[in-house]
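If you read the sequences in order, they're chains Y and U. Count the first sequence with my numbering and you get residues 1 to 133, in order. Count the second sequence with my numbering and you get residues 1 to 282, in order.
Calculated directly from the structure, the hints in this document are not laboratory data. This structure is a prediction, so every number in the text was calculated from the model and none was measured. Glycine included, every Cβ here is placed at the ideal spot set by N, Cα and C. Hints may contain errors.
Pulled from the structure, derived: some chain U residues nowhere near chain Y, Cβ distances all over 10 Å [as the list claims (entries may be wrong)]:
| hint | residue |
| --- | --- |
| 1 | Ala24 |
| 2 | Asn135 |
| 3 | Arg152 |
| 4 | Lys163 |
| 5 | Lys203 |
| 6 | Val215 |
| 7 | Glu231 |
| 8 | Phe264 |
In the PhoX-like style, the derived pairs of lysine-lysine whose C-alpha atoms are separated by at most 20 Å in a straight line are [said to hold, decoys possible]:
| hint | chain 1 | residue 1 | chain 2 | residue 2 |
| --- | --- | --- | --- | --- |
| 9 | Y | Lys101 | Y | Lys124 |
| 10 | Y | Lys35 | Y | Lys113 |
| 11 | U | Lys203 | Y | Lys124 |
| 12 | Y | Lys129 | U | Lys202 |
Ranges of calculated distance between the beta carbons of each label pair, as one might list FRET restraints [what the hints assert, rightly or not]:
| hint | chain 1 | residue 1 | chain 2 | residue 2 | range |
| --- | --- | --- | --- | --- | --- |
| 13 | Y | Arg54 | U | Gln157 | 30 to 40 Å |
| 14 | U | Arg174 | Y | Lys124 | 23 to 33 Å |
| 15 | Y | Asp80 | U | Glu79 | 44 to 54 Å |
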Amino acid sequence: MYNKGTIIPGLILFVLFVTFPVWFNGFTTAGDLPKPELPPGGEKQCVMPAEYMRANHMQLLNEWRDNVLRDGNREILEIDGKKYSKGLQTACMQCHSRKEKFCDSCHTYAAVKPYCWDCHLTPKETASKEAIH
Amino acid sequence: MDKQRRKFLKIAGASVVAGIGAPAVIRLTSNSALASEHGTAAEHEEAPAAGHGQASGHAEEAPQGVRLGMVIDLRRMNENPELLDGAVAACIAAHNIPEFPAEKIKQEVKWIWKAPFESVFTDHSVHHAAGKIKNFPAVALCNHCDDPPCVRACPTQATFRNKLNGIVAMDFHRCIGCRFCMAACPYGARSFNWQDPRPYVKKYNKDFPTRMRGVVEKCNFCGERLALGLEPACVESCKGTGAMTFGDLNDPNSEVRKVLDKEFTIQRKPTLGTKPSVFYIV
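With the hints as extra help, turn the sequences into a complete structure.
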């Protein structure tokens with residue numbers, strides 16, 4: 001092989017460069033999967049199994065939104081004896097009371113910016129201006 | 001075939017006349033047929049109505065389903081001005097409505113508000129009006145019209161009439177802030193969020209969202225409270241005084257209907273034909 005001394009180090013550098021994202025994430029914390037905080041109150045039961053919620057919570061929220069606002073179907077869901085009234089603030093936030101530790105952990109990781117919080121209040125925000133009820 | 005110009009022109013002329021005339025002839029004959037059918041049908045319908053002594057100039061469609069409405073007794077409100085203030089405050093607290101200082105009054109957001117009689121009832125003359133009308137404020141809110149002009153104007157169907165209960169509802173998620181509905185509403189019942197309302201919300205209700213900049217909002221007849229079996233916040237704050245009565249206008253046994261049957265009531269701008277669901281006793 002001609003120019004062995006240049007080609008082999010060159011190939012090694014090339015491979016290292018191309019696989020940079022893989023080994024960089026392996027050596028640093030950038031690739032760590034997010035760990036959303038489980039409900040601080042210790043609730044184990046959600047409206048749907050965790051796998052379903054992980055994949056489809058956004059569809060479920062849209063469905064609830066259309067049920068409540070558009071179809072006037074505000075029925076209270078009862079799942080395993082616990083009552084949930086369809087709504088981000090009235091159901092989800094009751095257990096997952098820390099949006100910053102729960103919602104944001106994955107949304108930040110996946111770089112998605114849902115606009116729920118433009119209008120909907122997090123428990124932290126509610127507490128900032130003495131809640132009524 | 002003998003193609004003479006003279007013959008061709010004759011046939012062409014006749015065809016043109018037939019082509020233009022035929023639709024007119026068909027329309028005329030079908031119309032007269034329809035008209036005669038209508039005539040007999042109308043006669044048949046009118047006969048029993050006249051028999052009951054209910055002959056009315058214009059027939060109104062028979063009401064169907066639930067149509068929520070409200071009667072506001074301005075006499076009671078005038079006797080006790082705190083009732084009105086309480087109702088407005090209850091609404092603000094229930095719906096996270098921002099309260100802007102005087103210098104930002106143009107950005108005001110209001111669902112139920114106080115206004116002088118002459119600006120609420122622009123159809124009514126206040127010339128030589130009684131003192132109770134001149135000196136006391138009236139109250140205004142969304143009329144939840146049966147035929148709401150705002151719904152027609154909305155290009156995204158963000159505002160719509162809920163068929164289950166007649167509430168003219170809003171889906172803030174869909175509102176694009178074009179403000180066509182504000183131009184369409186003859187009652188000024190809609191407000192636009194010119195800025196983020198949150199800094200001006202004094203207290204948060206944790207069960208209701210705020211709005212964001214660029215969204216139109218208005219009274220929702222407390223749809224979220226009705227679902228829980230509660231009365232609207234304003235009605236609840238006047239509980240026991242009879243100043244505000246809420247219920248189904250189509251149910252002859254409902255509380256509102258009892259008040260409506262007993263008292264003389266007026267509506268805001270009834271001549272526009274929007275059929276408001278909010279009635280006033282003056």
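Earlier hints that do not hold, by number
Numbers 4, 5 and 6, in rising order.
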